[in-house]
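Each protein sequence line maps, in turn, to chains R and A. Just so you know, we're using numbering that gives the first Met the number 0 here: the first sequence kicks off at 0 and counts up by one. Just so you know, we're using numbering that gives the first Met the number 0 here: the second sequence kicks off at 0 and counts up by one.
Be careful, since some hints might not be right.
Here chain A is said to cover these stretches of chain R; the calculated rule only asks that three of the stretch's residues, wherever they fall, bring their Cβ under 8 Å from a Cβ of chain A [unchecked claim]:
1) 51-59
2) 69-79
3) 86-98
Simulated crosslink set (DSSO-like; lysine-lysine; CA at most 30 Å straight-line) [said to hold, decoys possible]:
4) A:13 x R:212
5) R:154 x A:246
6) R:73 x A:19
7) A:46 x R:140
8) R:154 x R:1
9) A:246 x R:183
10) R:12 x A:13
11) R:73 x A:46
12) R:154 x R:54
13) R:12 x A:161
14) R:109 x R:54
15) R:20 x A:161
16) A:13 x R:108
17) R:212 x R:237
18) R:133 x A:46
19) R:117 x A:246
20) R:54 x A:246
21) A:46 x R:105
22) R:109 x A:246
23) R:20 x A:246
Note that these hints are calculated values from the structure, not bench results. The C-beta atom is built at its ideal place from N, Cα and C for all residues, glycine as well.
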Amino acid sequence: MKNILSVQSLIKKFDDFTAVKEISFNVETGSIFAFLGPNGAGKSTTIKMLTTVLKPTSGDIVINGFNVLEEQDKARASFGIVFQDPSLDDELTAYENVVYHAVVYKVPKKERAERIQKALEIVGLWDRREDYVKNYSGGMKRRLEIARALVHYPKILFLDEPTVGLDPQTRNSIWNHIKDLNEKRNMTIFLTTHYMEEAEAIADQIAIIDHGKIIESGTVEEIKRKTETESLEEAFLKLTGRNIRDDNGTSRQRIMRGMGRIK
Amino acid sequence: MIEVIYALSLRQLKHYWRSKARLIGTLGQPMLFLIAFGFGFGPMYSKVSGGANYIDFLAPGIVTMGILFTAVFSGLEVIWDRQFGFLKETLVAPISRTEIMVGKTFGGATIAIIQGLIILSLTYILGFRIPSISSLVIGLMFMFLIAIFFTGIGLTIASQMKDMQGFQMILNFLIMPIFFLSGALFPLQNLPPVIYFISRIDPLTYGVDGLRGAITGISTFGVSNDLALIGSLSVIICLIGAVLFSKMEA
């Protein structure tokens, strides 16, 4: 299969506000795809639709050959996701969090212990597995979320701003893990980030989204050439402007606005 | 399927067991009611009813109370999960929404029954006695159904709510009246027409009546009628909950 993820004419409307305006793109199997854009551009809304958390207004999404809307559970089993906001159970231990994940993703019982150990070792948390998550630092929580997402052997891993708020050491180690997974397991990586240097260093393909539309896509070199700039950051600023964005609110606020709960 | 339900339930049980404050808090309220009402109204009840013991009337009501509040609070846990992000982890998993609903209902109901049993054993200290094993078995059936029904109610409401504040309101304006007008604390006789009517459409009325009928022999509607009613209501609420869960977005 050439494209692990294929998106066709994807639209998401919240009442009077269109967050995603008919975007289409493909992600090649085994590649690292960076999905970039300013705050409120529609990144997280798109990721939520790709990962079945939000229903699109219209459009088609195919992951690993499964239509996300029609074969939801098969599509779900094909991807792993690390959300932008934390999604761990603080009142359980790290190990219990990962076991819960393994069970709800129907990892065969015989393989569970081994796969969990491996995933926790990859992110260096095996020795701290019996600790409650509430006693973890921000970086450890992030690493645990990545480990958890690996236990069911996803074909594609979605990472929504995986390094936000982390120190350079932790960021560096997380990107190394991600690169390793990509190279050794041929796992496709779909990521968003605000750190342009990070995207420039790691991504094979890039798409830049603004105001709900993809305004540029290609390899780093292609984008730099098209925009006649020296770095991805410059290209990004040239494409999306230098004005500071009114963050349209977090996506949660937008959903609530969409449901008429807040103005 | 079974394993998923087990995993979801186990998580809830761990939360319950590890939060000692919650464990004691949810036991404290019913015990306070049992002691305050039991000793406060006991002599009066005895006089009016011509010598009957109020504890016999009250004990099943207080057991029901413990189950009711614990069960409804399982819904709060879903809102909690939503606010702290964990709900997403469950909702993107390749499992059906029905499995999630069944797992959470089962977990919540298990905790509620444990709570009910603890209270039941505490009433023993105050002199409440169950006549026979068979009445205990029928009583357990009612406790189970009350637990399932109200866990289902809590989850159904929670699936539609975004914050804790709203849940507090539901508790005050729905669950409290359901409890007070169910006949858990006082007999539902010679009431003003409005209160009488509300008590008759209150599902808990039949739960309390059935449980009381089973473990003390005092019943207004007949134990089998109560059983049929609360049983079918449980099935209906679980179906509604499953449908609403399937439409839920994180």
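Comparing the hints with the structure gives:
1. For a cut-off of 8 Å, the count of residues in the stretch 51-59 of chain R with a CB near a CB of chain A stands at 4, and the three-residue condition holds.
2. Restraint check on the stretch 69-79 of chain R versus chain A: 5 residues with Cβ-Cβ distances below 8 Å, three needed, restraint holds.
3. Proximity of the stretch 86-98 of chain R to chain A, defined as three or more residues with a beta carbon under 8 Å from a beta carbon of that chain, is established by the 8 residues found.
4. Taking the CA atoms of residue 13 of chain A and residue 212 of chain R, the gap is near 45 Å; set against the 30 Å cutoff, the hint is violated.
5. For a cut-off of 30 Å, the pair hint linking residue 154 of chain R to residue 246 of chain A stands: about 27 Å separates their Cα positions.
6. Taken as a hint, the residue 73 of chain R and residue 19 of chain A pair is broken in the structure, with Cα atoms around 40 Å apart against an allowance of 30 Å.
7. Restraint check for residue 46 of chain A and residue 140 of chain R: not satisfied, since their Cα atoms lie roughly 63 Å apart, outside the 30 Å limit.
8. Restraint check for residue 154 of chain R and residue 1 of chain R: the C-alpha separation of about 13 Å stays at or below 30 Å, so the hint holds.
9. For the suggested pair residue 246 of chain A and residue 183 of chain R, the alpha carbons sit about 38 Å apart, so the restraint of at most 30 Å is broken.
10. Taking the CA atoms of residue 12 of chain R and residue 13 of chain A, the gap is near 40 Å; set against the 30 Å cutoff, the hint is violated.
11. A threshold of 30 Å between alpha carbons decides the hint, and for residue 73 of chain R with residue 46 of chain A the separation of about 67 Å lies outside it, so the pair is violated.
12. In summary, the hint linking residue 154 of chain R to residue 54 of chain R is supported, as the alpha carbons are separated by about 22 Å, within the 30 Å threshold.
13. With a C-alpha separation of about 20 Å, the suggested pair residue 12 of chain R and residue 161 of chain A falls inside the 30 Å cut-off, and the hint holds.
14. Between residue 109 of chain R and residue 54 of chain R the alpha-carbon distance is near 35 Å, which puts this suggested pair outside the 30 Å criterion.
15. Between residue 20 of chain R and residue 161 of chain A the alpha-carbon distance is near 27 Å, which keeps this suggested pair within the 30 Å criterion.
16. Taking the CA atoms of residue 13 of chain A and residue 108 of chain R, the gap is near 21 Å; set against the 30 Å cutoff, the hint holds.
17. Of the pairs offered as hints, the one joining residue 212 of chain R and residue 237 of chain R holds, with about 16 Å between alpha carbons and a cut-off of 30 Å not exceeded.
18. Our distance criterion of 30 Å between C-alpha atoms is broken by residue 133 of chain R and residue 46 of chain A, whose separation comes to about 56 Å.
19. At roughly 35 Å between alpha-carbon atoms, residue 117 of chain R and residue 246 of chain A are farther apart than 30 Å, so this suggested pair is violated.
20. The straight-line distance between the Cα atoms of residue 54 of chain R and residue 246 of chain A is roughly 10 Å, inside the 30 Å bound, and the hint therefore holds.
21. The hinted pair formed by residue 46 of chain A and residue 105 of chain R fails the criterion: a straight-line CA distance of about 62 Å is larger than 30 Å.
22. Between residue 109 of chain R and residue 246 of chain A the CA atoms are separated by roughly 34 Å; this puts the pair beyond 30 Å, and the hint is violated.
23. Pair hint residue 20 of chain R plus residue 246 of chain A holds up; C-alpha atoms about 23 Å apart against a cutoff of 30 Å.
Of the hints listed earlier, those the structure fails to meet are numbers 4, 6, 7, 9, 10, 11, 14, 18, 19, 21, 22, in rising order.
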